[in-house]
Amino acid sequence: MDVEDRESPFDVASDRCGLPSVHLSTDEDSDEDFSVQGTFTEEELAFPPDLEWLEELYEDDHDDVDGDGDLAVAAVDGKKRRYAETARMFKLRRNLDQLDCFHRQKERDVLKAREELKLRRHNIESLVKHRDNLEREIERQRAADDSVAVFRLRSQHKHLCQELQSEEELEGHVNTGLKQQELVLREVEVELARFSSLRQEVQEEQRVFQAHKNQKASTRLQQERKASQNLQLKMQHLKQKQAAMLKKEEAECQTKIEEGRANRKIAAKYLKETIRRMQRQDAEKQQQRREFLEKRIQAVNSLKSNIAATQESLRVQQSRARVNAQKEEVRQTQLRESLEARGINSIKHIYQQKQLEEIKRKQAEFEERQKSKRAEIVAKILQEEQQVKSRKRQQALVPKPSTCHKVPLPGRASEKLLRYLAPRPPSAPVERAPNQLIRFSDVSSSSSASSDVEDVEGTVPQEEEHQRLADSLAEPEFSGLWEQNQEKLQNKKRAPVQSEVKQEEAAMGGGALNIPAKKVHGTELKGPPFISKPEVVFFKDFEVGIIYKKKIALTNVSYVTNHCKLLGVSARLKDFLSISFAPPGSLSTGMSCDMQAVFQPTINEDLEGEVHFESALGPFSVPVRCTIKKCELEVDSQFLDFGSHVVGQTISRIITLTNKGALATLFSLDTSSRLSPETSRVQTASNVSANTRQEESSQHTTSEDRSRSVSMGTVELQPEQESQEFSEALHTGSEASATDPEIIPEGCASSDVHSDPGDISLGSVREGEIGPFQSLQLEVLFSPTIPGTVKLDFHIIFSDLTSKPIPIQVRGDAVSVPVRVVQPSIDLKICMFDRLYQDSIVVQSRASSALRLTFEVCPEMRKHMEILPKTAFVQAQCSFNAQLKFLPRSSLSKDAKDLFDSDTGVLEVPMAVEVAGQLIHLGFTCVQVMPLHFTVQAVVTSSELRFDRTPVDFGLCSIYQSVKSSVRLTNLSLLPQDFGFLSVPEFIEVQPNDGFGTLLPQETLEIDLIFSAKKAKEYNFQLRCKSGFNRDFILSCRAAGVRPPLQLSHSLVQFGATAIGDKSTAVLHLIHPKKTIPPVGKDAVAPAAPRLFSFSLPEGSDISIAPSAGRLLPGERCLLQVTFRPRLPDQDIQEEALRLLRRVELHRLEEQERSRHAEQEVRIPPLCFHCHVHAGVRTDCRCCIVCVCVFMCPEALKAVPVVTAKGKKAPVIPKTDQPTESPNPAELRPWSERQEEARASLLHSFTGRYSESTVPCFVSDGDPPEDDPQAQPAWSAFNTLHLRLQCPAVQPPLVVTSNSAKNVIDFHQVAVGERVIKRFTVQNISRETLDLGSSVLDVHGPFSLLNALRCIRPGEKHTLVVAFSPSLEKKYCEILEVRSQKMTLEMTLSGVAVVPAVTSSHPGGVLDFGHVLQKECATHVLKLQNSSVVAVGFRALLASLSPSRPPGGADGLASLLRTHTDSPVQPAVGSQNLNGLSVFSAVPAEGSVAPGRSLDIAVTFRPDHPSVNYSDRLTVELANKSKVCVVDVKGAASSHNMYLLGGDVLTVPIESLLPPPTTRRPPLKEPELKEKPTTPVLVTLRAGYSAGVITPAVRELQVGCIATQSVKKGGDFQWDNAASLQPLGFSVEPGRGSVEPGHQRTVTVTWVPHSGYKPYEVVQTCLPLTLTGDETNVYRVTLMALVSTAAD
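If you count the sequence shown from 1, you need to add 303 to reach our numbering.
The set of hints was computed from the structure by calculation and includes no laboratory data.
Some hints could be false.
[What the hints assert, rightly or not] Heads up, simulated DSS-like pairs for lysine-lysine below, C-alpha to C-alpha not over 27 Å straight-line: (1) LYS1377 to LYS1318; (2) LYS1366 to LYS1685; (3) LYS575 to LYS588.
[To be verified] Beta-carbon label-pair distances, calculated as ranges: (4) ASP1281 to PRO1234: 40 to 46 Å; (5) GLU643 to ASP1281: 22 to 28 Å; (6) GLU410 to VAL681: 50 to 56 Å; (7) LYS674 to SER1354: 49 to 55 Å; (8) PRO1410 to GLU643: 53 to 59 Å; (9) GLN1424 to PRO1567: 24 to 30 Å; (10) ALA628 to SER1397: 41 to 47 Å.
Note that beta-carbon positions come from the ideal geometry of N, C-alpha and C, so glycine has one too.
Produce the complete structure using the sequences and hints provided.
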């Protein structure tokens, strides 16, 4: 069998659990394949593309195999064997990596699903809390009889329950997905454990393969080295060829250069011609441009004329419009006058005309909308019918309990809705079919009409039935306005019986910690020494696989210092409960310690136990109780009594089924079985008797109550979701109850009770699911058709086996009378005092003859209510309509105290109808009964609107400003009221909506009254507020207008949209008139006086005013400049920085957590296959470390110690929810890195800001007193001006991203002459391209912009380079504006120029190094001292290295040409080293001296050959080109330590740098070899002759000794044959001597002419001088003397 045809077990597992197609094989499979197949073919050994390099590796192995015969065949077989094994190894490695990657992906999916599930549960908990709060609020408002608040809260409760339902459904979906993902993850982990041995095998094969690979690498390295040597030989040969080619190319290049010169001459001639031609073309283009400009100028002139004409036409049209408006105003005035002349309210008439036009327009729009909505509703009805049909087809397959009540015909709801949608007049009566009395959903509804307008609600009798179609019909604006009947709760519900769980909690909490009493210090201690909070650790409604944690506090309640120690937990809880407790040590009385209990259930059972502790006073324990999810079902009533009702009526009652447990269950209503003794004990909230329900019987006669049969917390019932087991249980329970005769109650065996299924029937909700903590409302209908008592027994059964069925008993009495009132309860809804309301009373007769009716009204209500006619006859088998008129007056509370509740406004009036000869049939007897009774209900409210204060005093108001005052208008009615302020004076404005609006019931609206005085006078006026019921409410107002002495040219400044960082400026004037008018309405004119003004800006404002204070003389005006500079608030930046810091901290913690997980190699130990222990059960198995099920939840896996590669257990770091550490204050300081990031983040996310502010300007009454100028002038509130500013701020398109986002570039202190460059970067954060430009900097200033600005696209950045080079010592500041289309970014450039003060330790002049041995060095240090406050840069320049030195040694040539014997001036640059290096050097050559510091410059003299002409010039120069010092350095070099100085110059001071020429000399003889060469020295002595007197000539020679480290002793010198000098007049002193190292001795040579000396005679002699040091040197000194008459 081939390898490809086989399928490993892992392939099947991966296909089953959705794993990737990973193919692995075990050792057994591989062995079997090799044994069967033997060898592999080339096709089977084919590698995938990513392993082709492996094939190349083995091809190299194949090339290395040598030999013939069997040896070669064996090598090939071994190669194929390794080739197949390596291929298999790499395939397995790749598949294992894929499996690991898939495992990690599944772990991430599980974590993500858990986070989502946690979020959903948190949302559900918050919604449940909100719902409970709403329910408590509803109960509180209901107790307070606030019906409006109850209606509003019920609507909120409904929406909240719907949202809670959707969240619970979503939680279920997420939980299901999480379980599926956890299952897949566990299967992947099982597969990983299966292939652990295979993974080890692969790792071993990888090690072997790596060793083989290293061996091959070493072999290849040797081969590469051989190849490299061969390549080097080739490269040498190639270099030789290239040298020859270069010579050839140089020759060709020279030829080309010559040709190029000739070609350039030719091209220059043609270039001149081309330039002349281009100049002519430019002249022609300039001429065309001038002509084009002239044409454009003409077009602009014509455009100006057209604009002027257009403006003129616009002015004509505007004047015409003004004339038409004036005519219309005159017409309106005439119409108003004519209407007032006829006694008609003109304002009301005009307002009504406008309202009529508006109503017609709205009516047309409403009709159009109604047509479109009607079509949508019909489409939805058809769609719902299709859904109903499909649902019924599905329900037909599910067995249902037998029901005998009548079901509405299909399509009934749609037919009613279509009749409702059909257009018909509002007052048209609705006829009903006879069979409507049989169907429980058809009940008539009377209409109520007011005195002015017919009530439209009465035309919709089946409105409540259609409210179930929530998507098709609208809801009323106010909950309760459309309801025909309202339930009146007269009996409060009793508190439900405590559940069994709560009883057990109380029992355990009462005696769990009781221990025998002990005595401590004579005081008896009762109870345990420690108490726990909570007393019982209760894990309620737990689920298997979820970890629960609780914190428990232990408090020392004993009278001594005590301690506690954890002993353990009960055996029952040992495997599920772990305690985290750190012993706190000794605890004083009242001190507490904490512990944490972690509960991890693995079995779905109730658990109980204790946590045992030991203390100094004895042991104690904390009880622990864990309960699973259960169903706790109860109903509010098991007995339902409808009371007595007339045949033909339909009454409904509601039974509330509540599940107080955390487990959902299916329920069903079973009417086929009977009550059994076992099911009689049921948890109920209250048992309501028949007497308590009789008063409510008349309030449930319409189908509106049945529309609320399902509560707001119910879910959509789906019978098809019932399980098969539940259906079988229902069937079995029905058969058992039907066959058992003992379960029939005694009350059902009476002879006069019949059970007609058609009389008492159940509602539409008969089966479904009730969720945890949910309530359902079940409807029961009573439609009597036969007189007598009707009884129905049924019970509610559940799919939960632990929940017992709940029996329900329903009873009702049916009576038959010939005449009845069709509507026993007439609801007039909400009525107002002093308004007429009408309704119809329908009386129906089934008698065979006419009967007389007498309508009676109770005496208390005869002033307010009337029935017409009072007496009437109703014909046989007909109905009669009586008219009910209700006109409530203000005395209603006094006239009908018992019927009317003045606090709530509820009115209930019992009415009676006397029927002559009416009999009621009970069984087989006829008894005459009392008259027919019905009830009239209404809520009477007032139509009052109330102001919270009157009158309104505006105080003192400037004629240039507006003053706002607010009043609160409250609607005291239970109905909404329209209101409007009419005839409002022109100097006051009413807002909002110009004083018109609608007030909801009990609503309070704040009305803003804005008063703007036109003149300086006192105002007293009234505002008239008219309600929609034509009532007037007067609001009195008063104010005083004042005139300030100063005036603002503009009191309102509206800035344009200004970007953050930009500014907007507005200019206005503050004017002081020459004459001042008194502030409040006096005609006298007083002379003006000087005034002081001051603007008071709020702290931290973005507004600045210049000048903000000053003094104005009469007739003067002051220019004010108001600037708006928006910026980000510091508080916002601080908060954003904190948020970013927290995000970084969280990211760091996540990285640590991720790295910690990466270090853990194995988290789940292998399952023990020897002891086979169940999951979560501890054993004493020694064959493994821990026995843990692979399918344990992830929370449990975190508690398992991690086994690392070294065999040590890594500690498990618990994940805590503690907050991160507080941020470092240094990181949040202003302009820090965090602050910069926060500022940039806010700028990028800034959306815009609009602010308005009012700046007061205080004006004085005059100057301060003359006698005390320091005193404050008088300030008056009458004089205050107000400047209103509107400041919109937008996001800046351009921001600075460098320099910590600052707009200031500070160069600080810079030395004069230096140049400092700084850069800043701007970024375009807008969505448009910006063209950047800049302002022009001062051309004579120190600042300059070095680069050009360009266009930057969105998101791009641009760097600007700014230089600062001051020339004078002062402070500089300049503003650079970076301009774009939408903003101008201002950058402030500042710097301080400082003159550098640097001195040198050497004053300048000559620096002589003296004699130095050749190839040795001497160093001298120059110290630079910087006494300035800035760092100063310098350069040490040598003349020999200066690029400005004349080339070719021009200065040396000049020195050669002049007679240097006559001039003592020597050249700056003397001899230089022969090796090309400078003989003098300065280190450092350049640098900077810190302020107040010094720097040493080391000048070094290093000659390489003997010479006495070494010299150079050192210049220390600052950055501003100023020179600190100029030093001429010189030195001499000798080859021996003894030297001679002095004498005449025999050589030139400039030496050639070429080495001395070597000429072939004849070989010297032995005497010549023994003689050492001498050094000639010429000493010229000139004696002076003046006035016959000869002055002796004196010359000095210096004999020195060089101090060296190698030679420590000095030298000697000696003149040979010094006695021979005396005859010639020469004398030498001293003749011999010694010289210490580093010193010099002076030798004086004197010549005194002898007596026989002839004038102009030259005396010459030669004398050797021997210097003895490291070597002996002989100087041949030639003395030449003469007499000179010239002065020296």
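Hint by hint, here is what the structure shows:
no., hint, result
1, LYS1377 to LYS1318, "holds (19 Å)"
2, LYS1366 to LYS1685, "holds (11 Å)"
3, LYS575 to LYS588, "holds (20 Å)"
4, ASP1281 to PRO1234: 40 to 46 Å, "holds (43 Å)"
5, GLU643 to ASP1281: 22 to 28 Å, "holds (25 Å)"
6, GLU410 to VAL681: 50 to 56 Å, "holds (54 Å)"
7, LYS674 to SER1354: 49 to 55 Å, "holds (53 Å)"
8, PRO1410 to GLU643: 53 to 59 Å, "holds (56 Å)"
9, GLN1424 to PRO1567: 24 to 30 Å, "holds (27 Å)"
10, ALA628 to SER1397: 41 to 47 Å, "holds (45 Å)"
Figure legend: structure checked against the earlier numbered hints; every hint is met.
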